[in-house]
Amino acid sequence: MIDPIVGIDLSGRARLVQGSARDLLRDYTEGKLIRALAAHVGVRNQPDEVHGQFGAWQRSVPVLLELLGDCGLADLQVILEYQLPYSPKRVDAVLCGVHPDTGSPSYVLVELKQWTNAEVVGHGLVRYNGQKGQPVLHPAEQVRQYCRHLLGFVPMLARTPSCVKGLAYLHNAHRSADWPLDRYDHDDYSQLYTADQLGDLATDLTSLLAVADDAAERLTRARRTPAHSLLTAAAGSVSARTDFVLLDQQQVAFKAVQGAVAEAVGNHRAWKKVILVRGGPGTGKSAIALNLYSAMAGSRIKVIHATGSKALTETLRQAVFGQDGRRGEDVFKYFNNFGGARVDELDVVICDEAHRLRGQSPNVPDHRRYQIRGQIHQIIDAAKVPVFLLDDHQVVRPREIGSPTDVLEVARAMGCQVVEVDLDGQFRCGGSPLFDQWVLRLLGLTGQAPVPWSELVADTDDEYVVESVAAPHGLEAWLRARIRDTGASARIAAGFCWKWSDPVDHNGRLSLVQDVKIGGWHRPWNARQGVDVPGVPSASYWASDPRGFDQIGCIYTAQGFEYEWAGVILGPDLVIRDGRWVAQPDRTEDTALKGVPAPVFDRLVRNTYKVLLTRGMQGVCVYSVDPETNEFLRKHTV
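In full-length UniProt numbering, the protein residues as written are 1 to 638.
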């Protein structure tokens, strides 16, 4: 029998915290509900009634449940901490019923805030309760984006979008005559109520909801549209001029840039603002970059999107402009295109994958240093609002200087104000909030020891798949099975530990050389840039063209992309010895890493494998050519 407050899947893991408002309130009173919520979201700490997530639940959840009881909706079905499709984000509560007049499904998304006061800092951003530092989204905007995201992935709801409503309830705040949060264009997805509007809230809820026993189950069992890669979906939003839905800190970053542009355009006396957006793989950096470009390209704002990756830039040009290559070259550029730009020639330069920015060579004569100064300096000079989106752990070449420290130092030395936004969550790897932690721990990129995947996700609803195999042909078979069964995309990428030969000519027809040899398993690398091999995608399209599965990708063709299933081969350049990672610079075939100091190589090779491991949207399978290392992987992927 299923516990009324915790839905259980076939594996026995807690999947939902749901039930009638009456039953949930009873379980809260008996001390069960907070424990169920903690198990559901994977919170490991001991319950604390004052601080953190536990304190928020203790203070907010009973307020909502009591309100529902008081307005005659005690039997209404409620889902708490509902995880949005393909996202790490959770809605505080979803009220599930039918419309009292029509009997059609009716769902109200609720965000609960304990704020007592707030101030608007511009462009949909606010600070609350005297908060310092990075602002947050207006709570009505937060729930509005949640509604839009849900509608985008659940066809049952998208067919009748009026069945979804959204509201934020600030149950400790009281409206004043000049209540700042009213300076917002509210709609059906973004209503806001305070403690002194309890009667209005109760009236509105009863006008929208009547009890239906199967309402919550209809939502949780509803078919979801397949997840597209963020890059593909966001690129589509550019070409179609539609808005790709950004959530929470993604939207904060978007609003921060909008605010800086509004200040800078036409006001040359303003302090130049540099926007620095930090986030790990899958946090939505590329989606933010393309949303920004899409929003500004249709206006009179002079905006350029730039990367340091030929593969990524060419893929974007193709995705957005198709065969109109010249137009794509005008708006999707490279970091090295700004050396000759005039000061403030452009309004905005959006630097995606900014960790790939290059620095100045130490061997340049002094009289030429200005001409080829670091790309960070060049881009800040060229744009009224430079935007850098980067990941601390994706610097993979010696002269790449796109770390947060590098950007901050250059920007401040140039007299600029820096606005920093830290992204949270994981929108790639199945929305798994734990997978990036697992990778960082596995590779020793954090202070925590490696942990088996099953142990990290125990008692959570994390569905990301992590496996290892004993041989490379097993890795290929694992991926082919997923392609066959689901039609999903999959790729194998490897450390750069095998030579990369030019294609050979067989009777006037070029073919790739099978350079990646592991025992009797032989496969070619992806094609070289600019070399046309029949039946093989160019290097730029290895990750996006289905024919890319037949070649092995490397860091330079995988970085910046995602596919549904990732296979990763660890070469002999990074191995386990006596339980510790040991980098072996003499085993690399990457000419960019030849001769770099051992500590630098160690950092770069770990970053490389971090990138390769985090390309999969649904799962990853790993294999190492080194037996001791493969045993280590086996123990940590169980």
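Incorrect hints may have been included.
Dumping the calculated EDC-like pairs for lysine to aspartate or glutamate here, alpha-carbon to alpha-carbon at most 16 Å [unchecked claim]:
(1) K310 with E329
(2) K132 with E119
(3) K635 with E467
(4) K302 with D344
(5) K302 with E420
(6) K499 with E476
(7) K302 with D248
(8) K132 with D422
(9) K333 with E345
(10) K517 with E476
(11) K594 with D578
(12) K517 with D578
(13) K302 with E329
(14) K517 with D422
(15) K302 with D347
(16) K499 with D578
(17) K517 with E467
(18) K132 with D330
(19) K310 with D330
(20) K302 with D330
(21) K635 with D578
(22) K635 with E455
(23) K302 with E345
(24) K499 with D422
It is worth saying that the hints were derived from the structure and are not from the lab. Predicted model only: the values in this text are computed from it and were never measured.
We went through each hint and held it up to the structure:
no., hint, result
1, K310 with E329, "12 Å, holds"
2, K132 with E119, "11 Å, holds"
3, K635 with E467, "10 Å, holds"
4, K302 with D344, "10 Å, holds"
5, K302 with E420, "23 Å, violated"
6, K499 with E476, "21 Å, violated"
7, K302 with D248, "27 Å, violated"
8, K132 with D422, "14 Å, holds"
9, K333 with E345, "15 Å, holds"
10, K517 with E476, "14 Å, holds"
11, K594 with D578, "26 Å, violated"
12, K517 with D578, "26 Å, violated"
13, K302 with E329, "15 Å, holds"
14, K517 with D422, "41 Å, violated"
15, K302 with D347, "5 Å, holds"
16, K499 with D578, "28 Å, violated"
17, K517 with E467, "22 Å, violated"
18, K132 with D330, "40 Å, violated"
19, K310 with D330, "15 Å, holds"
20, K302 with D330, "11 Å, holds"
21, K635 with D578, "14 Å, holds"
22, K635 with E455, "11 Å, holds"
23, K302 with E345, "9 Å, holds"
24, K499 with D422, "38 Å, violated"
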